[in-house]
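Number of protein chains: 2
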Amino acid sequence: MRDMLGREEVLTVDDAKELLLKSVNLPLPGESEIEIENSLNRILSIDITSPEDLPPFSRSTVDGFAVKAEDTFGATEMLPAYLNITHEILMGEQPASDLKKGEAAKIATGGMLPQNADAVIMFEHCHMIDEKSIEAIKPVAPGENVIQAGEDCKKGAKILERGRKLRPQDIGALAGIGITKVRVYKKPKVSIISTGDEIVSPAGPLKSGQVRDINSYNLAGLIEISGGTAIKKGIFPDNYDLLKKALEDSLEESHIVIISGGSSVGTKDMTARLINDAGKPGVIFHGVSVKPGKPVIYGMVNKKPVFGLPGHPAAITVCFELFILPVLKILTGEKEDLYGKIKKIVRARLSRNISSGSGRQEHVRVMLEQRDNELWAVPILSKSGLITTLVRAAGTIVIPMYKTGLAEGTEVEVELF
Amino acid sequence: MRDMLGREEVLTVDDAKELLLKSVNLPLPGESEIEIENSLNRILSIDITSPEDLPPFSRSTVDGFAVKAEDTFGATEMLPAYLNITHEILMGEQPASDLKKGEAAKIATGGMLPQNADAVIMFEHCHMIDEKSIEAIKPVAPGENVIQAGEDCKKGAKILERGRKLRPQDIGALAGIGITKVRVYKKPKVSIISTGDEIVSPAGPLKSGQVRDINSYNLAGLIEISGGTAIKKGIFPDNYDLLKKALEDSLEESHIVIISGGSSVGTKDMTARLINDAGKPGVIFHGVSVKPGKPVIYGMVNKKPVFGLPGHPAAITVCFELFILPVLKILTGEKEDLYGKIKKIVRARLSRNISSGSGRQEHVRVMLEQRDNELWAVPILSKSGLITTLVRAAGTIVIPMYKTGLAEGTEVEVELF
Numbered sequence: 026m027r028d029m030l031g032r033e034e035v036l037t038v039d040d041a042k043e044l045l046l047k048s049v050n051l052p053l054p055g056e057s058e059i060e061i062e063n064s065l066n067r068i069l070s071i072d073i074t075s076p077e078d079l080p081p082f083s084r085s086t087v088d089g090f091a092v093k094a095e096d097t098f099g100a101t102e103m104l105p106a107y108l109n110i111t112h113e114i115l116m117g118e119q120p121a122s123d124l125k126k127g128e129a130a131k132i133a134t135g136g137m138l139p140q141n142a143d144a145v146i147m148f149e150h151c152h153m154i155d156e157k158s159i160e161a162i163k164p165v166a167p168g169e170n171v172i173q174a175g176e177d178c179k180k181g182a183k184i185l186e187r188g189r190k191l192r193p194q195d196i197g198a199l200a201g202i203g204i205t206k207v208r209v210y211k212k213p214k215v216s217i218i219s220t221g222d223e224i225v226s227p228a229g230p231l232k233s234g235q236v237r238d239i240n241s242y243n244l245a246g247l248i249e250i251s252g253g254t255a256i257k258k259g260i261f262p263d264n265y266d267l268l269k270k271a272l273e274d275s276l277e278e279s280h281i282v283i284i285s286g287g288s289s290v291g292t293k294d295m296t297a298r299l300i301n302d303a304g305k306p307g308v309i310f311h312g313v314s315v316k317p318g319k320p321v322i323y324g325m326v327n328k329k330p331v332f333g334l335p336g337h338p339a340a341i342t343v344c345f346e347l348f349i350l351p352v353l354k355i356l357t358g359e360k361e362d363l364y365g366k367i368k369k370i371v372r373a374r375l376s377r378n379i380s381s382g383s384g385r386q387e388h389v390r391v392m393l394e395q396r397d398n399e400l401w402a403v404p405i406l407s408k409s410g411l412i413t414t415l416v417r418a419a420g421t422i423v424i425p426m427y428k429t430g431l432a433e434g435t436e437v438e439v440e441l442f
Numbered sequence: 026m027r028d029m030l031g032r033e034e035v036l037t038v039d040d041a042k043e044l045l046l047k048s049v050n051l052p053l054p055g056e057s058e059i060e061i062e063n064s065l066n067r068i069l070s071i072d073i074t075s076p077e078d079l080p081p082f083s084r085s086t087v088d089g090f091a092v093k094a095e096d097t098f099g100a101t102e103m104l105p106a107y108l109n110i111t112h113e114i115l116m117g118e119q120p121a122s123d124l125k126k127g128e129a130a131k132i133a134t135g136g137m138l139p140q141n142a143d144a145v146i147m148f149e150h151c152h153m154i155d156e157k158s159i160e161a162i163k164p165v166a167p168g169e170n171v172i173q174a175g176e177d178c179k180k181g182a183k184i185l186e187r188g189r190k191l192r193p194q195d196i197g198a199l200a201g202i203g204i205t206k207v208r209v210y211k212k213p214k215v216s217i218i219s220t221g222d223e224i225v226s227p228a229g230p231l232k233s234g235q236v237r238d239i240n241s242y243n244l245a246g247l248i249e250i251s252g253g254t255a256i257k258k259g260i261f262p263d264n265y266d267l268l269k270k271a272l273e274d275s276l277e278e279s280h281i282v283i284i285s286g287g288s289s290v291g292t293k294d295m296t297a298r299l300i301n302d303a304g305k306p307g308v309i310f311h312g313v314s315v316k317p318g319k320p321v322i323y324g325m326v327n328k329k330p331v332f333g334l335p336g337h338p339a340a341i342t343v344c345f346e347l348f349i350l351p352v353l354k355i356l357t358g359e360k361e362d363l364y365g366k367i368k369k370i371v372r373a374r375l376s377r378n379i380s381s382g383s384g385r386q387e388h389v390r391v392m393l394e395q396r397d398n399e400l401w402a403v404p405i406l407s408k409s410g411l412i413t414t415l416v417r418a419a420g421t422i423v424i425p426m427y428k429t430g431l432a433e434g435t436e437v438e439v440e441l442f
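Which chain is which? The protein sequence lines are S and R, in order. Here the first sequence is numbered in my numbering, starting from 26 and rising by one per residue. Here the second sequence is numbered in my numbering, starting from 26 and rising by one per residue.
Derived by calculation from the structure, the hints in this document are not laboratory data. Note that the structure is a prediction, hence the values are computed from the model and not measured. Just so you know, not all the hints are guaranteed correct.
What the hints assert, rightly or not - Cut-off 25 Å, straight-line C-alpha distance, at most; resulting in silico cross-link-like pairs (PhoX-like, lysine-lysine):
#	chain 1	residue 1	chain 2	residue 2
1	R	LYS368	S	LYS131
2	R	LYS131	S	LYS319
3	R	LYS190	S	LYS369
4	S	LYS354	S	LYS211
5	S	LYS369	R	LYS368
6	R	LYS366	S	LYS369
7	R	LYS368	S	LYS190
8	R	LYS366	S	LYS368
As the list claims (entries may be wrong) - Computed far set for chain R versus chain S, every beta-carbon distance over 10 Å:
#	residue
9	ARG208
10	PRO306
11	LEU347
12	LYS428
13	GLU436
Here a beta-carbon is modelled for each residue, glycine too, at the ideal position from N, C-alpha and C.
Sequences and hints are given; from them, build the entire structure.
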C-alpha cells in the first residue's frame with residue numbers, strides 16, 4: 026500500500042511491536058554459575074529453594090531472659106513472678122541446659138532459646154533481685170520476642186524465582202541460607218555495526234565532511250544498562266561486501282545485531298538488502314509510524330533479530346526503547362515485574378502547548394522541573410539529530426498518532442531515561 | 026536526658042540527620058582518568074566544554090537537494106522553480122564546488138552543505154526533469170532541513186557539569202565532540218566489619234546457635250548500587266582487641282566504615298567504645314527514634330564516618346537509606362539531581378490500616394499491586410529480623426513519629442528499593 030505521495034504506508038508502532046514480539050521465540054543465551062558476591066543485578070536462571078531453616082533455631086529478638094511464658098502469666102508490678110536464673114546463654118553457642126518450670130536464662134538479641142523456653146522477657150520488664158533471681162513485672166505471651174526456627178524461611182520453601190533480577194537483600198537472603206553460588210543467565214550479546222561513509226572514530230582528527238561516531242557509544246550504554254553486553258564491531262563504509270562480512274560475523278558471535286546509521290536512502294536500502302540476503306525470513310518490517318525513528322528496520326536472520334536504525338541520536342534512543350529493549354529483555358531472561366515499569370514512569374504536567382503535525386506517534390524529549398510541589402515536563406523542541414538535547418532531557422513523552430498536540434497543563438507520563 | 030524507664034532519650038531522625046550532615050565535611054576520594062567506554066554511571070569530576078563545533082559543518086537532515094533558499098521562493102506545483110544540478114555531494118567528503126544562483130547539489134541525510142547553500146529541499150518536493158535539472162514545487166526557508174555547524178554544541182560551550190552521573194547519551198555526546206577519556210571521581214570505599222559471636226560465613230556448616238552472615242552481603246550490594254566499593258573485612262567475634270584492629274585497618278583503607286551486627290547490649294556498648302577510642306570526635310549520636318534501626322550509632326574518627334548498625338536485616342536497610350547513603354552520596358561527588366529522587370519514589374494507596382504504637386518514625390516494608398489502574402501499597406507486617414520480608418518488598422513507607430497509624434486508602438509515598 027502506498028500513500029498519496031507514492032510512499033509505502035508504514036506500520037503503526039503497535040502493529041510493529043506485535044509483529045516483533047510474534048517473531049521472537051528465542052533460546053536464551055545459556056547459564057553460568059557465579060559467586061553471590063558478583064550476582065548483583067544478574068538474572069536467576071533457576072528457582073531457589075532453601076536448603077535449611079532460617080533461622081536454624083529459635084532466636085531472641087531482644088536482650089532479656091528466656092522463659093516459659095506460662096511462668097509469667099498474670100505478673101504485674103504489684104504481683105511479680107519470681108524466676109530463678111539458671112544460666113546465661115552465650116552468643117553462637119547452644120544453651121547449657123534446658124529450661125524447667127520457674128527458671129529463666131539470660132539471653133541477648135540473637136541468642137538461641139533453650140529447650141522448653143517459648144518466650145523472652147525484656148530486661149526492662151524485670152527487676153533483678155540478686156545474681157540468681159528476677160521478678161518479672163509483666164507477662165509475656167508464648168512466642169513473644171522470639172523468631173521461631175524456620176520463621177524467616179522454611180527448609181524447602183521457594184525463596185527466589187527464576188527470572189528474578191537480584192537485589193542487595195536477595196543476595197543477603199541467599200547468604201543467610203548458605204547458598205554462595207547461583208546459576209544466572211548469561212548476558213545477551215548485542216553487536217553494533219556503525220555504517221556511514223561520513224562516520225569516523227571519536228579519536229583522531231576530522232576531515233571536512235566527516236563526523237564522529239556518537240550512536241554506537243549511546244547504544245553501547247543503553248545495552249549495558251539493560252542487562253546486555255555490547256560488542257562494538259566498528260565503523261564501516263557503505264560497502265555491501267564489507268557490511269555483509271560484518272553482519273555475518275556479528276550473527277555468529279552475538280544474539281542481536283544492530284546496524285546503526287545509514288539514514289540516507291541508498292544505505293537504508295542496503296541495510297534491508299543485507300538483512301534479506303543474510304538468511305530467512307529476512308526483513309519483517311521497514312518503516313514505522315513514529316517520530317523520530319520512522320526508517321527503522323527489523324528483521325530476523327536464522328533466529329537472530331537484526332535491527333537497522335536511522336542515524337539521528339534521538340531516533341536511536343526512541344527505536345531502542347520501542348523495539349530493541351523488549352527483545353533484549355526477553356533474552357536476559359528477566360521476568361517483567363511491576364516495579365521495573367513503575368520506576369521508569371513519572372507523571373508530570375506539560376509546561377506548554379506542543380503540536381504534532383506528523384501523523385505519527387511522536388516522542389518528545391522533556392526536562393523535569395519541580396514547581397510548588399508539582400512536577401512539570403518541559404519539552405525540548407529541537408531537531409532529532411542533536412545529541413545535546415538528549416543530554417539535557419530527563420526522558421520522553423509520547424503524543425499519540427492521531428493527536429495533533431497536547432495542551433499546556435495536561436498530565437503526561439514521562440518515560441525516564 | 027533519660028525517659029521514664031531510665032533509658033537515654035534518643036534523637037529524632039531529622040535531628041540525627043542534621044547532626045550527621047553538619048559533621049560531614051569530607052574530601053572526596055580523588056580522581057582518575059578513564060576511557061569513555063568504561064564511564065557509564067561514573068561521576069564526572071570536571072566540567073566538560075566542547076573542544077570543537079558539533080556538527081563540525083552544516084549538514085542536511087534529509088535526502089534531497091542543497092539549494093539557495095531564495096531560488097525556491099514562491100515555487101508551487103503550477104509554477105515550479107527550475108534548478109540545475111551541478112554535482113552530487115558524497116558522504117564524508119567536502120562538496121566538489123560552491124553553489125551559484127539557480128544551482129542545486131544532490132545531497133543525502135548527513136551530507137555537508139556546499140558553500141552558499143542555506144537549505145535543502147526534499148526529493149518529495151522536486152520533479153526530476155532530466156539528469157541535470159529539477160523543478161522545485163515548494164519553497165524552502167533558509168536553514169530548512171539543515172543542522173547548522175555548531176548547532177548541537179558550540180566550541181567552548183559547557184556540555185556536561187562536574188558531578189554528573191554519566192548516562193548513555195552523555196557518553197555519546199562526549200564521543201561526538203572527540204573526547205575519548207574523562208576525569209571521574211574515584212569510587213568511595215566502604216569497609217564492612219561484621220561482628221557477633223554467633224555469626225559465621227555463608228559457606229560451610231552451621232553449629233547449633235550459629236547463624237550465617239546476611240548483613241554484609243546486603244550492605245555490600247547497597248553500597249555498590251549507590252556508587253561505592255564495598256570491602257568486606259570479614260566476621261569478627263565480640264572481642265575488643267580484634268575489632269579495634271579491624272577498625273584501624275578499615276579507617277586506613279576506606280572512606281567510610283560500617284560495623285554491622287552487635288545488636289546485644291554488650292556489643293552495642295563495645296561499638297561505641299571502639300569508635301570513641303579510635304579518634305576524635307568519636308561517637309556523635311547513639312540511638313535514633315526510628316523503627317527498625319533505633320540502636321544505630323554514628324561517629325567520626327579522624328574525618329572518617331563510622332557507623333554502628335543493629336543486626337536486624339530490615340534495620341540495616343533503613344539505617345543505610347537514612348544515614349549512610351547521604352554520606353556515601355556526598356563522597357561519590359554526584360550532584361543531587363531531581364531525577365534520581367523522582368525515580369526512587371512512587372505514590373500508592375495503602376491497602377489496609379496500619380498502626381504504629383512505637384512513638385518512633387516507623388518504616389514499613391510494602392509490596393506493590395496494580396488494581397484497576399491504581400497502585401496499592403500492601404504492608405508486610407513482620408519482625409524486622411526477617412530477611413525474606415525484604416525479599417518480598419518493593420520498598421518502604423514511613424509512618425511519622427507522632428502518628429499512631431495510617432488508614433486504609435491513604436495515599437502514601439513508597440520509597441522503592
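Hint check results:
1. R/LYS368 / S/LYS131: violated (46 Å)
2. R/LYS131 / S/LYS319: Holds. R/LYS131 to S/LYS319 sits at ~22 Å (cutoff 25 Å).
3. R/LYS190 / S/LYS369: Distance of about 17 Å is within 25 Å: holds.
4. S/LYS354 / S/LYS211: The given pair, whose Cα atoms are some 12 Å apart, holds under the 25 Å limit.
5. S/LYS369 / R/LYS368: It holds: about 7 Å lies between the C-alpha atoms, which stays within 25 Å.
6. R/LYS366 / S/LYS369: holds (12 Å)
7. R/LYS368 / S/LYS190: holds (18 Å)
8. R/LYS366 / S/LYS368: Satisfied, since the Cα-Cα distance of roughly 11 Å is no more than 25 Å.
9. ARG208: holds (16 Å)
10. PRO306: holds (28 Å)
11. LEU347: holds (16 Å)
12. LYS428: holds (20 Å)
13. GLU436: About 13 Å separates R/GLU436 from the closest Cβ of chain S, which puts it past 10 Å; holds.
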